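Those protein sequence lines, which keep their order, are chains A and B. Going by my numbering, the first residue of the first sequence is number 8, and it counts up by one from there. Going by my numbering, the first residue of the second sequence is number 69, and it counts up by one from there.
Watch out, some of these pointers could steer you wrong.
Over 12 Å on every C-beta distance to chain B, these chain A residues come out as not near it, computed from the model [claimed, not checked]:
(1) M8
(2) V10
(3) S26
(4) R51
(5) S52
(6) R120
(7) K263
(8) A321
(9) M366
Which stretches of chain B does chain A cover? Using the computed rule of at least three CB atoms under 8 Å from a CB of chain A, they are [as the list claims (entries may be wrong)]:
(10) 106-115
(11) 137-149
Calculated from the structure, these hints are not laboratory results. Only a predicted model underlies this, so the values are computations on that prediction, with no experimental measurement involved. C-beta: ideal position from N, C-alpha, C; glycine also.
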Amino acid sequence: MAVYLDCNSTTPVEPSVASLVLRFLEKDFGNAASPIHDYGLFARSAVEHARMLVGKVVGARPDEVLFTSGATESNNMAILGLADAGIKSRRRHVITTAIEHKAVLEPFEELARRGFDVDILTVGPDGRFKVEDLAEALRPDTLLVSTMQANNETGVVHPLAETAKLLTGHDAWWHVDAAQGYGKDLEQLRDPRIDMIAVSGHKIYGPKGVGALILRKRDGLRPPLQPLAFGGGQEQGLRPGTLPVPLIAGFGEAAKLALRDNETRRTTCLAFRRLVHEALDRLGAGHNGDETWTMPHCVNVSLDGIPSDLAINALKGVIALSSTSACTSHTRTPSHVLTAMGRTPTQVETSLRLSWCHMTPEVDWDEVVGILRKIRSRR
Amino acid sequence: MSVFDELEEVTNQQYLHGDLPKWLADPLLAVARSPELCQEKEYLVEILLAQVREYDVYAEAGCCKWAYDHEDIARTLRWLEEQ
Numbered sequence: 008m009a010v011y012l013d014c015n016s017t018t019p020v021e022p023s024v025a026s027l028v029l030r031f032l033e034k035d036f037g038n039a040a041s042p043i044h045d046y047g048l049f050a051r052s053a054v055e056h057a058r059m060l061v062g063k064v065v066g067a068r069p070d071e072v073l074f075t076s077g078a079t080e081s082n083n084m085a086i087l088g089l090a091d092a093g094i095k096s097r098r099r100h101v102i103t104t105a106i107e108h109k110a111v112l113e114p115f116e117e118l119a120r121r122g123f124d125v126d127i128l129t130v131g132p133d134g135r136f137k138v139e140d141l142a143e144a145l146r147p148d149t150l151l152v153s154t155m156q157a158n159n160e161t162g163v164v165h166p167l168a169e170t171a172k173l174l175t176g177h178d179a180w181w182h183v184d185a186a187q188g189y190g191k192d193l194e195q196l197r198d199p200r201i202d203m204i205a206v207s208g209h210k211i212y213g214p215k216g217v218g219a220l221i222l223r224k225r226d227g228l229r230p231p232l233q234p235l236a237f238g239g240g241q242e243q244g245l246r247p248g249t250l251p252v253p254l255i256a257g258f259g260e261a262a263k264l265a266l267r268d269n270e271t272r273r274t275t276c277l278a279f280r281r282l283v284h285e286a287l288d289r290l291g292a293g294h295n296g297d298e299t300w301t302m303p304h305c306v307n308v309s310l311d312g313i314p315s316d317l318a319i320n321a322l323k324g325v326i327a328l329s330s331t332s333a334c335t336s337h338t339r340t341p342s343h344v345l346t347a348m349g350r351t352p353t354q355v356e357t358s359l360r361l362s363w364c365h366m367t368p369e370v371d372w373d374e375v376v377g378i379l380r381k382i383r384s385r386r
Numbered sequence: 069m070s071v072f073d074e075l076e077e078v079t080n081q082q083y084l085h086g087d088l089p090k091w092l093a094d095p096l097l098a099v100a101r102s103p104e105l106c107q108e109k110e111y112l113v114e115i116l117l118a119q120v121r122e123y124d125v126y127a128e129a130g131c132c133k134w135a136y137d138h139e140d141i142a143r144t145l146r147w148l149e150e151q
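Chain A extracted, bound-state conformation (with noise of 0.2 Å):
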C-alpha cells in the first residue's frame, strides 16, 4: 500500500486512543446526560476528562471547551454565533483573511448577506497576512477578527502573536482556526488574547467526527455566542444533543499524547521534511510557503512541466497525497489559497500537498523522482 502523505486531510488513529473509542463503544455506552446510574455516571466522568484535557493543551479551563462535530462546526458557531451580539451593539464589521479554509470565508460570506461590512485581508507571497494591513483595516465598529493558525493547504503559520499585541485593548472578538496546528505548535494557542479556538480530533490523531471550540472567558464571561441549534441545552447551552462519548473520550486521549509527545513528533517530522525537500528540489520544485514560516509536517510546491493531477495518479502506489485541501480538492477548482499567494495558473495547476506524522514510515523517495520525471519527459 502506498505511503500516505496526506495527513492535513486527516490523521492516522492513535492506537491508544482507538483502543477507547472502542471501550467506550462497546463496554461504557451510557449517555453522559443520564448521571443517575453508573452507565452515565462514568460517561459524564470520561467527557469531563476528556474536556480537561482538550483544554490543557491551549491552557484553557474545562468550562471554556465545548465538544463539537469538528472545526468546521466550531468556525460557525464562533462566527455566525456572534451575529446577534453584533447587531445588537451595533457592530456590524468583521476581518478575515483570503487564506482561510472555506468553513470560516462562506459563513462570513453569510454575515455579508445578513448586513455586515467584511473586510478580507490579502496575504502576500509568503503566504502570511501582514499585521499592518489588519491595524489598518480595524474600527472602533469591528466585532469579530478571524484568522488561521496554520494554513490546511501550505501550513504556513501567521502571526499570532503580533496579532495579539495588535489588539490588546481592542474590544473585538479574536478567532483562530486552528484545526491545523492544535496540539502541534504549542505556544501560539497559549495567548490569553485568543478568545476563540476552533479545533478537531481528526487532526491529532485523534477520531473523525468530534472536535471542540475553546471560549476563553473575558472578564469571567465567554463570547456572547447564540446557539444555531436548539433541544437539549448540552455544551452550556449553545451546542445541543446527545454527547458522542466515545469520539469525545478518544479526542481527549489525542490531546493528553498531542502534549505529552510533542517535542518528540515535532522532531521527527522535521527529519522527514529534510528527505521531502532534498527529493523534490531534485525536480526544481517551486515551494508554496516559505520553510521559515511553515509547521514541520507539510510541505506546498509546484512542479515545473508536471500537472498534479497526472502525479498524483502515478504515484498513486507509492505515496498518496493530494494537490489542494480535501475539502475542495473534489470540486477542480484552483486553489485559493495559491491564487490569493500570487501564484500563476500553471503553478496553482502543477502543486502537490504533501503531510506527514510522526507515524509515517520510509518513503522510496528515488521512485518517486523517478515517476515524475517521467511524467515530464512525456510532455
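Based on the hints, put chain B in the right spot on chain A.
Only chain B this time, still in chain A's reference frame:
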C-alpha cells in the same frame, strides 16, 4: 512522573493543605502505591487524579460542575475496585 506518582503527590497535598478527609486519602494512597494492582486501569487512575486535583468540598454548590467532591472520588475508587 507516572500517573501513580502524581496521584500520591496530589493526594498528600490535598490532605495536608486542603480539605481532603483521611478516609479518602487512605484508599487513594493505597492505589497510588500499588500500580501493579491497577494494570489496564490507568485511564480510571487518570480520571481519579484529575478529581483529586480539583477536589472541592462545595463542588456541587454551583450551577456548573467544574470541581469534584467526595462522592465523585469515592465512586471512581469503587469503579477501580470493581473492574
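Here is how each hint holds up against the structure:
1. M8: Given that every Cβ of chain B is farther than 12 Å from that of M8(A), nearest at about 31 Å, it holds.
2. V10: V10(A) clear of chain B: closest Cβ-Cβ about 32 Å, beyond 12 Å.
3. S26: 9 Å, violated
4. R51: 9 Å, violated
5. S52: 5 Å, violated
6. R120: Consistent with the label, R120(A) stays out of reach of chain B, its closest Cβ about 35 Å off (over 12 Å).
7. K263: With a cut-off of 12 Å, K263(A) comes too close to chain B, as the shortest Cβ separation is near 8 Å.
8. A321: 45 Å, holds
9. M366: 22 Å, holds
10. 106-115: holds (count 3)
11. 137-149: Result for this restraint: holds, n = 4.
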